[in-house]
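Going down the list, the protein sequences come from chains A and B. Letter 202 of the first sequence, counting from 1, is numbered 201 in numbering that gives the first Met the number 0, and no numbers are missing. Letter 173 of the second sequence, counting from 1, is numbered 172 in numbering that gives the first Met the number 0, and no numbers are missing.
It is possible that part of the hints are untrue.
Where chain B lies over chain A, by a calculated footprint (3+ residues, C-beta under 8 Å) [unchecked claim]: (1) 17 to 31; (2) 136 to 146; (3) 162 to 173.
Dumping the calculated DSS-like pairs for lysine-lysine here, alpha-carbon to alpha-carbon at most 27 Å [to be verified]: (4) A:Lys37 - A:Lys84; (5) B:Lys163 - A:Lys37; (6) A:Lys327 - B:Lys8.
Hints are computed from structural coordinates only; laboratory data are not their basis. Remember, it's a predicted structure, so these values are computed and weren't measured experimentally. Ideal placement from N, C-alpha and C gives every residue a C-beta, glycine not left out.
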Amino acid sequence: METLDQIFVLSKKGILDFLGTFLPEWVVTLACVAITIKAIAVLGPVTMMYLTLMERKVIGRMQNRIGPNRVGKWGLLQPLADGVKMLTKEDIVPHGADAVSHFLAPILIVIPSLLAFAVIPFGRGMTPVDLNVGVLFFIAVSSTTTIAIFMASWGSRNKFSVLGGMRSAAQMISYEVPMVLSVVPVILIAGSLSTNDIVLAQAGWGGLKWFVFTPWGFFAFIIFFLCGVAECNRSPFDLPEGESEIVAGFHTEYSGMKFALFYMAEFMNSFTVSGLAATLFLGGWQGPFLPSWLWFFLKTYALIFVMIWFRGTLPRIRVDQLMGLAWKFLMPLTLVNILAAGLWYFTEGAARWLITASILAGSFWLLTKLNRGYTPEKRVYLFAE
Amino acid sequence: MLPLTLLVKAGLYLIMAISLLAAVASVSLPNIFHAALALALALLGIAGIYLGLQAEFVAVVQVLIYVGAVITLVIFAIMLTNRMADRSTPAKNSLGAACLAVAAGLFSILVRFIRSTPWPETTSAPAPGTSEIGQALMGPYVFAFEVISVILIAVLIGAMVIAKKDNPGEDAP
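When you get a sec, could you build the whole thing from the sequences and use the hints?
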């Protein structure tokens with residue numbers, strides 16, 4: 000059990016011990032870094048490949064279809080076939096495109112998504128880089144994605160691309176605010192910005208003392224997850240690439256592998272956001288019986304399944320609804336949530352549950368009341384009589 | 000460990016060179032969009048230097064505030080301004096000499112202050128600073144912190160007043 004839990008840590012240690020027998024110390028130090036980087040660089044794209052298959056399968060079942068099943072058993076080789084197809088496709092660059100921006104954007108968009116993997120605790124002692132500002136690092140790195148999207152949209156010289164880029168920037172700036180604020184209660188209670196320490200702060204109750212089982216944690220989790228879905232430009236927040244309105248948004252003018260890189264960034268983002276949500280609120284790798292890394296991947300894939308479920312169920316929301324949700328509903332609720340977490344920190348026993356739950360439920364009720372749209376009794380047509 | 004130290008030093012100097020080049024590019028490129036991107040690269044390079052100096056918190060905040068927010072805002076403003084991002088728009092005007100004078104003046108002031116400040120050298124690695132920064136903000140510097148938050152509230156309200164429609168009933172749906 001113990002070896003199964005630490006199997007990756009032990010195998011890395013074994014490789015380094017073997018290298019240490021005939022190589023100087025500084026090469027071993029470099030190898031230690033290289034192994035971690037290699038693991039992430041392989042994990043990211045492979046995760047992305049099989050997420051595409053998972054998404055197509057799950058969406059297919061939700062729409063009463065079977066999904067891909069021709070290439071390999073249960074379509075398991077479909078991602079490889081897609082990869083070959085993407086690589087052999089013609090790479091089209093528009094005549095009026097800005098060469099540098101158009102070329103660099105798909106490469107630059109993958110970098111933040113891969114960097115975000117660096118602070119995700121995949122299991123006990125399996126955080127690639129245990130930064131003491133881990134959560135902040137994740138947020139900072141994922142906020143730079145906007146620049147790559149801007150480069151793609153402006154470099155294409157296409158009005159649909161520019162519209163998509165503008166929508167994406169507006170959405171990302173708006174949803175970053177409640178996302179960051181929803182993490183604050185966790186940092187407040189855990190007393191640390193390091194992802195590893197946050198997981199350790201959720202130890203207890205047989206591995207089930209997760210932050211999501213507290214009133215403030217529940218609200219923060221829902222808000223964080225919604226904002227995460229919006230940051231990944233996934234349905235129902237996929238206005239930047241809404242195909243019924245603006246063709247494909249900022250990646251209209253991309254084909255072949257460059258287009259695939261945008262997809263890769265999107266899927267890796269949804270993986271890291273789900274992973275971070277699991278880390279912050281669902282106890283990360285904490286859990287009974289199973290090895291720690293298995294718990295982490297189970298929780299992450301459950302959240303990704305919910306994302307796919309969203310896509311299969313919800314229609315795309317309107318721009319004003321999108322902005323209204325972020326600024327008029329999620330943002331005030333996160334501010335109340337920080338207050339509730341502060342009260343939770345300073346009270347004890349049943350009183351803390353009562354106080355925080357009543358504050359949050361009251362403000363939730365008030366905010367839904369205040370946000371209720373005005374629906375007139377009778378439709379009034381101004382221009383069509 | 001000597002080769003590793005050399006490698007880290009070479010990496011730091013490379014980052015410094017890149018950020019200097021990017022800073023020069025951000026004022027000399029003819030296209031304003033490219034200039035904004037070069038500025039983003041320069042700011043990222045500065046974050047890299049902070050990381051090299053083991054100031055992780057400052058580096059992350061640098062990326063979050065400057066690259067994530069300020070540059071996005073700059074690019075947003077460029078793309079919203081009419082024809083500003085077109086390739087045919089020249090990004091030059093006749094204020095070059097004045098700019099040079101102001102920049103030289105600022106540079107000389109900075110040099111004077113940098114030279115007159117005593118720089119203590121310690122061999123021990125600095126402690127992780129996040130909690131110290133938090134305690135300093137809530138302790139000795141709480142007044143400045145509060146003043147800044149009041150200014151931010153004022154800016155928020157001002158932005159709302161500017162963005163508000165002049166006559167809400169004027170334009171029907």
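Indices of hints not satisfied (ascending): Hint check: 5 and 6 fail, others pass.
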